[in-house]
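Assemble chain B onto chain A, guided by the hints.
Sequences listed follow chains A and B, in order.
If you read the first sequence in this note's numbering, its first letter stands for residue 3, the second for the next number, and so on.
If you read the second sequence in this note's numbering, its first letter stands for residue 10, the second for the next number, and so on.
Calculated directly from the structure, the hints in this document are not laboratory data.
Beta carbons are placed, not taken as given, at the ideal position from N, Cα and C, and that holds for glycine.
Heads up, a few of these hints could be off.
[Said to hold, decoys possible] Once the Cα atoms are required to be at most 16 Å apart in a straight line, the calculated EDC-like pairs of lysine to aspartate or glutamate come out as:
(1) Lys105/B to Asp38/B
(2) Lys95/A to Asp20/A
(3) Lys38/A to Asp96/A
(4) Lys101/A to Glu62/B
(5) Lys66/B to Glu19/A
(6) Lys101/A to Asp85/A
(7) Lys59/A to Asp20/A
(8) Lys111/A to Asp85/A
(9) Lys58/A to Glu69/A
(10) Lys61/A to Asp96/A
(11) Lys101/A to Asp10/B
(12) Lys111/A to Glu19/A
(13) Lys38/A to Glu69/A
(14) Lys72/A to Glu56/A
(15) Lys38/A to Asp38/B
(16) Lys66/B to Glu91/B
(17) Lys111/A to Glu17/A
(18) Lys101/A to Glu108/B
(19) Lys18/B to Glu108/B
(20) Lys95/A to Glu62/B
(21) Lys38/A to Glu62/B
[Claimed, not checked] Going by beta-carbon spacing under 8 Å, a handful of chain B positions derived as facing chain A:
(22) Ser47
(23) Gly51
(24) Thr107
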Amino acid sequence: GQQVMQIPQYQHVQEGEDFTTYCNSSTTLSNIQWYKQRPGGHPVFLIQLVKSGEVKKQKRLTFQFGEAKKNSSLHITATQTTDVGTYFCAGPKDSGTYKYIFGTGTRLKVLA
Amino acid sequence: DSGVTQTPKHLITATGQRVTLRCSPRSGDLSVYWYQQSLDQGLQFLIQYYNGEERAKGNILERFSAQQFPDLHSELNLSSLELGDSALYFCASSGKTTEAFFGQGTRLTVV
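Next up, chain A with everything else stripped away, as it sits in the complex:
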């Protein structure tokens, strides 16, 4: 079945360092979403990418959708302690479906 893998599983960085998490799907995705889950919290929607090669920025966060629409990345510049949490990507199982398969997640810890 469809799988969505993320690497790394865990990442510890010093505050001010950059961070990148990568998301890889076994199948082509019509779109990809990113969510952030703070420790003890619930997933919060960050962004959705739709177009091949699309790049979107939200302040210090840069999201990219691969040309083949099978991979994506989230890059955080100059991490802050508020960036702590687990970052999930999610892609629809089939085009047009609302059934999203979540990635395995990358847990980010930021050391002050």
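What follows is chain B alone, placed relative to chain A:
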């Protein structure tokens, strides 16, 4: 606050028992999703309802069932509970876009 309400927040029950988790979606959202998140695990899609009808099914066990009522709230019923069912259960809702808004979750502990 996402606007999605889940009750109860915590639930402790014994093996073999049956529990019901409740979810009220954001005002106007017709879609409700249920996810299971085990310790250190990702989010596993269980089931989706749209305006009262089942729309998509994931890896939901036969012991689990869900429904969405005319007022759009949803309930997830878990029966014959096993220790391995202990997890966080999230409900999410969406409207015209596929952006999902998650509730705070119900932490189920089976002892």
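Evaluation of the provided hints:
no.	hint	verdict
1	Lys105/B to Asp38/B	holds, 8 Å
2	Lys95/A to Asp20/A	violated, 31 Å
3	Lys38/A to Asp96/A	violated, 23 Å
4	Lys101/A to Glu62/B	holds, 14 Å
5	Lys66/B to Glu19/A	violated, 41 Å
6	Lys101/A to Asp85/A	violated, 27 Å
7	Lys59/A to Asp20/A	holds, 15 Å
8	Lys111/A to Asp85/A	holds, 8 Å
9	Lys58/A to Glu69/A	holds, 14 Å
10	Lys61/A to Asp96/A	violated, 31 Å
11	Lys101/A to Asp10/B	violated, 23 Å
12	Lys111/A to Glu19/A	holds, 11 Å
13	Lys38/A to Glu69/A	violated, 24 Å
14	Lys72/A to Glu56/A	holds, 12 Å
15	Lys38/A to Asp38/B	violated, 21 Å
16	Lys66/B to Glu91/B	violated, 21 Å
17	Lys111/A to Glu17/A	holds, 9 Å
18	Lys101/A to Glu108/B	holds, 12 Å
19	Lys18/B to Glu108/B	violated, 23 Å
20	Lys95/A to Glu62/B	violated, 19 Å
21	Lys38/A to Glu62/B	violated, 29 Å
22	Ser47	violated, 12 Å
23	Gly51	holds, 5 Å
24	Thr107	holds, 6 Å
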